[in-house]
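Trainee: So the chains spell out like this:
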Amino acid sequence: MKRDPTRPAALAALAFCALALAGCGGNQNVLDPHSHPERRIATLWWVMFAVAAIGFSVVVLFLFLGWVRRNRDRLPFGGGESAAVGMVVALGIALPIVLLVSLFVYSDLFVLKSVAAPRPGSTRLTLEVTGRQWFWEVRYPGTKAVTANEIHIPVGTRVNLVGKTDDVIHSFWVPELNRKVDLIPGQTTRILLEADQPGSYRGQCAEYCGLQHAHMAMYVIAQPPAQFRTWLAREAKPARPQQGSPSPGFLAFNAENACSGCHTVRGTNAHGDIGPDLTHVASRLTLAAGTIPNRPADLLEWIRDPQHVKPGAKMPNLDLTDTQFREIATYVEGLR
Amino acid sequence: MAAIDVLPPRARERVDRLERIWAERPGLLGWLTTVDHKRIGLLYFFTSLAFFGAGGVEALLMRTQLAAPNSHLLSPNAYDQAMTMHGITMIFLFVIPMTTGAFGNYLVPLMIGARDMAFPRLNALGFWLFLGSGLFIYSAVFAGIAPDAGWFDYVPLALRRFDPGLNIDFYALGLIFNGVASTLASINFIATIFKLRAPGMSLNRMPLFCFAILAVSFSLVFALPALTLDCVLLELQRRLQFHFFDVGGGGSPLLWQHLFWFFGHPEVYIIVLPAFGIATSIIPTFAKHRMIAFPLVAIAELLVAFIGFGVWAHHMFATGLPLATLVIFAAASMLVVIPSTIQIFAWTATVMMGRPEFRAPLLFIGGFITFFVIGGLSGIMFAAIPFDQATTDTYFVVAHFHFIIFGAAVFPILGGMYYWFPKVTGRMYNEPVAQASFWLSFVGTSLTFFPMHVVGLLGMPRRVYTYDSGLGWDAYNLSETVGAFLLTAGLLLIFGNLVWGRFRGAYAGSDPFFGGTLEWATTSPPPPYNFAVIPKVTSPYPNWDRQDRTEDRPRLEEGVLTLETGHETPASTVIDGALDEIVRMPSESIWPFALALFVALVFVALLFAHYAVAGFLAVAALLAVAAWNAEEPETA
Numbered sequence: 526m527k528r529d530p531t532r533p534a535a536l537a538a539l540a541f542c543a544l545a546l547a548g549c550g551g552n553q554n555v556l557d558p559h560s561h562p563e564r565r566i567a568t569l570w571w572v573m574f575a576v577a578a579i580g581f582s583v584v585v586l587f588l589f590l591g592w593v594r595r596n597r598d599r600l601p602f603g604g605g606e607s608a609a610v611g612m613v614v615a616l617g618i619a620l621p622i623v624l625l626v627s628l629f630v631y632s633d634l635f636v637l638k639s640v641a642a643p644r645p646g647s648t649r650l651t652l653e654v655t656g657r658q659w660f661w662e663v664r665y666p667g668t669k670a671v672t673a674n675e676i677h678i679p680v681g682t683r684v685n686l687v688g689k690t691d692d693v694i695h696s697f698w699v700p701e702l703n704r705k706v707d708l709i710p711g712q713t714t715r716i717l718l719e720a721d722q723p724g725s726y727r728g729q730c731a732e733y734c735g736l737q738h739a740h741m742a743m744y745v746i747a748q749p750p751a752q753f754r755t756w757l758a759r760e761a762k763p764a765r766p767q768q769g770s771p772s773p774g775f776l777a778f779n780a781e782n783a784c785s786g787c788h789t790v791r792g793t794n795a796h797g798d799i800g801p802d803l804t805h806v807a808s809r810l811t812l813a814a815g816t817i818p819n820r821p822a823d824l825l826e827w828i829r830d831p832q833h834v835k836p837g838a839k840m841p842n843l844d845l846t847d848t849q850f851r852e853i854a855t856y857v858e859g860l861r
Numbered sequence: 003m004a005a006i007d008v009l010p011p012r013a014r015e016r017v018d019r020l021e022r023i024w025a026e027r028p029g030l031l032g033w034l035t036t037v038d039h040k041r042i043g044l045l046y047f048f049t050s051l052a053f054f055g056a057g058g059v060e061a062l063l064m065r066t067q068l069a070a071p072n073s074h075l076l077s078p079n080a081y082d083q084a085m086t087m088h089g090i091t092m093i094f095l096f097v098i099p100m101t102t103g104a105f106g107n108y109l110v111p112l113m114i115g116a117r118d119m120a121f122p123r124l125n126a127l128g129f130w131l132f133l134g135s136g137l138f139i140y141s142a143v144f145a146g147i148a149p150d151a152g153w154f155d156y157v158p159l160a161l162r163r164f165d166p167g168l169n170i171d172f173y174a175l176g177l178i179f180n181g182v183a184s185t186l187a188s189i190n191f192i193a194t195i196f197k198l199r200a201p202g203m204s205l206n207r208m209p210l211f212c213f214a215i216l217a218v219s220f221s222l223v224f225a226l227p228a229l230t231l232d233c234v235l236l237e238l239q240r241r242l243q244f245h246f247f248d249v250g251g252g253g254s255p256l257l258w259q260h261l262f263w264f265f266g267h268p269e270v271y272i273i274v275l276p277a278f279g280i281a282t283s284i285i286p287t288f289a290k291h292r293m294i295a296f297p298l299v300a301i302a303e304l305l306v307a308f309i310g311f312g313v314w315a316h317h318m319f320a321t322g323l324p325l326a327t328l329v330i331f332a333a334a335s336m337l338v339v340i341p342s343t344i345q346i347f348a349w350t351a352t353v354m355m356g357r358p359e360f361r362a363p364l365l366f367i368g369g370f371i372t373f374f375v376i377g378g379l380s381g382i383m384f385a386a387i388p389f390d391q392a393t394t395d396t397y398f399v400v401a402h403f404h405f406i407i408f409g410a411a412v413f414p415i416l417g418g419m420y421y422w423f424p425k426v427t428g429r430m431y432n433e434p435v436a437q438a439s440f441w442l443s444f445v446g447t448s449l450t451f452f453p454m455h456v457v458g459l460l461g462m463p464r465r466v467y468t469y470d471s472g473l474g475w476d477a478y479n480l481s482e483t484v485g486a487f488l489l490t491a492g493l494l495l496i497f498g499n500l501v502w503g504r505f506r507g508a509y510a511g512s513d514p515f516f517g518g519t520l521e522w523a524t525t526s527p528p529p530p531y532n533f534a535v536i537p538k539v540t541s542p543y544p545n546w547d548r549q550d551r552t553e554d555r556p557r558l559e560e561g562v563l564t565l566e567t568g569h570e571t572p573a574s575t576v577i578d579g580a581l582d583e584i585v586r587m588p589s590e591s592i593w594p595f596a597l598a599l600f601v602a603l604v605f606v607a608l609l610f611a612h613y614a615v616a617g618f619l620a621v622a623a624l625l626a627v628a629a630w631n632a633e634e635p636e637t638a
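Protein chains in written order, with this note's numbering: chain A, 526 to 861; chain B, 3 to 638.
One should not assume that every hint holds.
[Said to hold, decoys possible] Chain B is faced by these chain A residues, among others (derived, beta-carbon under 10 Å):
no.: 1; residue: 632
no.: 2; residue: 701
no.: 3; residue: 728
[Said to hold, decoys possible] Residues of chain B placed beyond 12 Å of chain A at every Cβ, according to the derived structure:
no.: 4; residue: 206
no.: 5; residue: 493
no.: 6; residue: 529
These are calculated hints, taken from the structure and not from any lab test.
Using N, Cα and C, we set each Cβ at its ideal position, and we do this for glycine too.
Bound-form chain A, shown alone:
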């Protein structure tokens, strides 16, 4: 016990943390903002972090001084019992009131406005996201486009996102673009979605929603407006019709107790509503809500043994032959 009790591994860690946050990161980083609201949130954090670091240092310094000057019956910086009580009142009551009121005004009156739901009419595009166990269904009202786990938006455009849930509570969250909103049965929630640079921004369900809460990711893909319009037009179309006689994969997909019971492929007889719409699934980046990349080998594995890839997912392991799995995979790969 030759050292101070509070001698801070924690202080070093604080400095370390500051470096880590400013620099590195995947693409789900709260402090790597790519929109106006998220920039306000990130700034709010850095302000609070700075003040908190000072406050923490003061307390640790006091404890340290208490130990260094342990052989005096006075405060380390002079003053007796009444000065000590004065210190409690000044630092424990007066100063916190000033700081908290400032934080309240800055954060809860001003920053709050920037992250509020967009005013009606202030946005150029509305899209609907429905949280489902365990994927995100995305619709573009006014078009027939339905997709999953990928939200395309035009860059630099204010988008009105309307969130709902189909089953339990989920929480829609794309950390680099905005705060999160819970999707609660019986409620529709709105949030502003905008990205000021083209790119893909990862998001993930933030409210515990059951077995596969961990695998409920989605990407927001911000594209130049022209590209976005092209994408949306293609996404709204039905699947390309089969040329000539139907492929074996198409037949297996639509067989009784097979894929079409749960999935929709627009333009065919597959109208299932348990799993995601697969009309243009081959053009998506990932499968099973960000669980695996959308590559032929991964797709085949997913179709063949979904309960291994994503245990507990609604997609059952089907009792089919290896050839049938391959044929289905080939058909699905063609759904561009």
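Position chain B against the provided structure of chain A, taking the given hints into account.
Mentor: Same frame as chain A, but now just chain B:
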């Protein structure tokens, strides 16, 4: 009891008579029938320590799973059960029973100079019910159907449609059951603290630890009904198709959250307040200085419990509550900071004013203050609504509340174990090993929980059983797991030290640390009647009043407040602490145990939906209450 051997004959005779009157049955039956607050405290201690072990194993399972991305050690459902049980265990089966049940029970009567709790049999009942509820909930773990919807158990995920097994029924019934035990204990504390203080101990002379327990008890009494109600509604919906939480039936899923957090936030203060109490006991002893701003600290302890009831909606900032609601609850959440800053600066001022000696208990309090400041500062950040909405349900929250619940609540518990160990066992622990165990735990805790702030800001959500690599989370998660095992080593070193001390430690004497409160005025371990003569109290630190303590000897000889003619303790007035009356205390009894057993069986019958059997057992429980009351307290 070396001191008593040299007592003059008249005093000797009184002490002998007290020994006879307060003696309890020996052996196992003695433990089943005991009403001695110290033995009940020890029962709570060992039981909650066992649950701490279980909760710790669950934590290590989770941390091992999360050490690397895409790990398959646990299935998703096993992870969800471990996560849910870790929360339930640490809150309901470890921290609350440890702080109130073990520390509170053992220490409150000693600190206020009483001979027992106000309702000794109720006290025993509280313990047996707590044990029953813990075993009830843990039987689900061994059956592999433990609760799995999180300790917060949000609907609709916890409804039958999404969770058809018995998992959630164990949760709801188990927490109703557990709540009964906590409520009884709280009522007992309130009565004891208000009425059984030694004459002379007016409220302003009451130890701050007792203020903390008083505040916690009031909080529990007012917060638990919300949780109980919530669980009752949930069971009615799961079992009897009611629609409280169904949108289709006119209900609301948010009703669950409001009721849950109306309990759940006061719960946070219920967890940390006793720890504050422990800190305010240890600091003056080792700083050798009375608490600076004593009345302010006492008021702060009560105030934090009160304001804590007005902040629950800050757990729901992302649920789409109206803007005005958000702002009001954010303001209240900021207000609740003030009582804590008062205490932080009172503790540090006391350390600075005194001549602190950083032995193990004070080291743990130093760690506690450090962690509490970190957890408190990150807590303030959640009152900034936009930041809360960005980081809620991420690991940043996990970091925050573990700095509070582990750093600020468990560290004082650990320090308190060292501090009162000589009082309870009469022996000393090993000081150098104790200091090493502190540093190991301190580093382990920092390494486990600090990186969670960073991964949270890097976007890692809570309650995920696994995660992908490539998001920048891997190294932090690995460090957290390493930290968790270091921390485990630190904890094992602490318990090893205490076990060693119990059998091999040097004899401690009655007051090895020169503590200021009354528990140090009696022998170690204290006799069944606590004090041969009810101590005279003229200040908040009566054991530092040498004049008063030397007067105890002649008072024992003359028989002033020795009460050796019956099983009795003095009661005093609520505010001034003036002698009010002499209360006869009930004798030991098997009926609290029997009643708890019947109540446990009622819950088992309810679990399996045998409602008629449950009714029959409830009648049996009522008969046990009758038998309990029929038995006359015996006098020696």
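Trainee: Taking the closest Cβ pair, is residue 632 of chain A under 10 Å from chain B?
Mentor: Interface hint status for residue 632 of chain A: holds (4 Å vs cutoff 10 Å).
Trainee: Was the hint right that residue 701 of chain A lines chain B, CB cutoff 10 Å?
Mentor: 8 Å, holds
Trainee: Would you check whether the claim that residue 529 of chain B is not at the interface survives, using Cβ distances to chain A and the 12 Å cut-off?
Mentor: 34 Å, holds
Trainee: Against chain A, does residue 493 of chain B keep a CB gap of more than 12 Å to every residue?
Mentor: 18 Å, holds
Trainee: With a cut-off of 10 Å on the beta carbons, see whether residue 728 of chain A makes it to chain B.
Mentor: 8 Å, holds
Trainee: Would residue 206 of chain B pass as off the interface with chain A, using Cβ distances and a cut of 12 Å?
Mentor: Its Cβ never comes within 12 Å of chain A, the nearest being 16 Å, so this holds.
When held up to the earlier numbered hints, the structure conflicts with none and fits them all.
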